[in-house]
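One line per chain: the protein sequences are A and B, in this order. Going by numbering that gives the first Met the number 0, the first sequence opens with residue 0, and the numbers climb by one from there. Going by numbering that gives the first Met the number 0, the second sequence opens with residue 0, and the numbers climb by one from there.
Calculated directly from the structure, the hints in this document are not laboratory data. These figures come from a predicted structure and were not determined experimentally. Any given hint could be a false lead.
What the hints assert, rightly or not - Negatives, chain A to chain B, calculated, CB over 12 angstroms:
hint	residue
1	Ala13
2	Gly93
3	Val119
Said to hold, decoys possible - Covered, in the sense of this in silico footprint (three residues per stretch, anywhere, with C-beta under 8 angstroms from a C-beta of chain B), are these stretches of chain A:
hint	stretch
4	22-28
5	178-185
Yeah, the Cβ is synthetic: ideal placement off N, Cα and C, and Gly gets one too.
The lines below spell out each chain.
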Amino acid sequence: MRRVFNVLRALLHASVALALQYRIEFVVEGALALLWLAVTLVPLLVVFGNRGAVAGWTFPEMLVVLGWFVALKGVLEGTLSPSLLQVVDHVRKGTLDFVLIKPADAQLLVSFANVEPSRVVDLLGAGGIFVYAFHQIGHPPSPAQIALAAILLCTAILVLYSIAILVVSIAFIAVRVDNLLYLFQSVFDVARWPSTVFRGVLSALFTFVLPLALMTTYPALALLGKLTLQTLFAAVGGSLAFAAIARLIWIASIRRYTSASS
Amino acid sequence: MRVIDAPKAPRLGTPWGVRRFASLYAQLLRTGFAEAVAYRAEFLIWMFSTNMPLVMLAIWAAAARSGPVGGYSQQGFAAYYLCALLVRLMTGAWVVWELTMEIRQGTLALRLLRPIHPLLQWSADNIAAIPMRGVVALPVTAILLWVARGELSHRWFDWLLLLPALAGAWLIYFLVQAIIGTIALRFESAASLFTAWLGFSNILSGYLVPLDLFPRAVRDAAQWLPFRFQLSYPVELMLGRWNHEQALQLLGVEWIYVAFFFLCTRTAWRAGLRYYAAYGG
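Could you put the whole structure together from the sequences, leaning on the hints where they help?
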């Protein structure tokens, strides 16, 4: 376990050192993340300029969901996507061999290979949104609610990560669909709304098949103190199972991998 | 040293030149179409990742369950966002990514050697993809007609104007990308500049929220900026929001913007090439 942390620290250190070499780009990227945060907020502001509540959610409650969305989008686009897109590149060029022969777990190495520290802006922005939302609600969440939300945040990131790994595993089989990860990034945009906005088939799809509800709606419900214990256990169990399946498929895909170069 | 500012293209001054240019461009279109077909799986995935109008439709449809919002019923929102999706699907361009990538990798030098302007080549690639885009747009059109037929314009005049309006929308998008990509010849963070443009465009073109739902100040600003011609104007034509005179006036303004961006592209390209040093190429 300590070894894993050492590898992780070295990878993050390398990414940060690289990012700090291009300081202007670092600042520009940070500013852009801030601009896109504003763009994400605009539709919600307009909707609630016309309505007091939508699908049973008030404005501050909806902001809490959006806060989780912004944070997870930062994780997805700042860590998972840039790292895993390199895997697709590695597979195509045959350079994955250089990763596989390193004396550490390949999944760990590829998952944090390219972290963009400028996306910290998203996490800060999410924090700001939470503060504003709970200021509007009138009382801060209790420590127990925060603890619950933290657990659900971990499950959310775990599921997000597992989906990303699954999508990349497809790249081993079908190299031609290397932009599948971009497709997932755009589908993830749905997670900005609470799952009750959707009805019927779509609602079931985004809860069970592509568990976007688990990523933003449930942590938001936890912070708002509306989460039932049943949902909590289902979420934790479901995400662990999901991660295990993703790991197995990753291992199976690596075994299938026959280098492209040699 | 002489600067290569325009590779020798067929001269358009003579009838012979025009014909030769037309046959050249037709061949480029055929090649571009063949490429789009060859990479169809990737292409379709790119198309499917255009889903923002549907995401926005979800929240507005939920908001309009209890009654119309600002003149839009649920059906009205469905019509607006499906039209927006159609316009976005049919007017896509990606030249900025190709341009910045080729500049960074130095392969632009190879293109400059060919006897046709690189931007013309890319324009052919982008236009040739339109039939493939139509494949994805067809089901969207079918759903639009099925769900919200009553919201669409009943005047043939609007549908006649839609064609030049869409052509203008595509040209504005393409030319702005070309300008920003050309800036990469001089400054390397051109891709970030385009991301910033996209951010403003998403708001001010009516892509995320119909412009008439914005507060007065934003609406007034959007009215004069070029963004609305990329999306909002063609969508409003399809929804029959303008009378003949207004629609024609707006079309005029759109094409003034097209001409303006065309001149900017020319200037930027000529100025940019002076700084171009093919790295690695």
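Any hints from earlier that this structure breaks? Give me their numbers in increasing order, please. none
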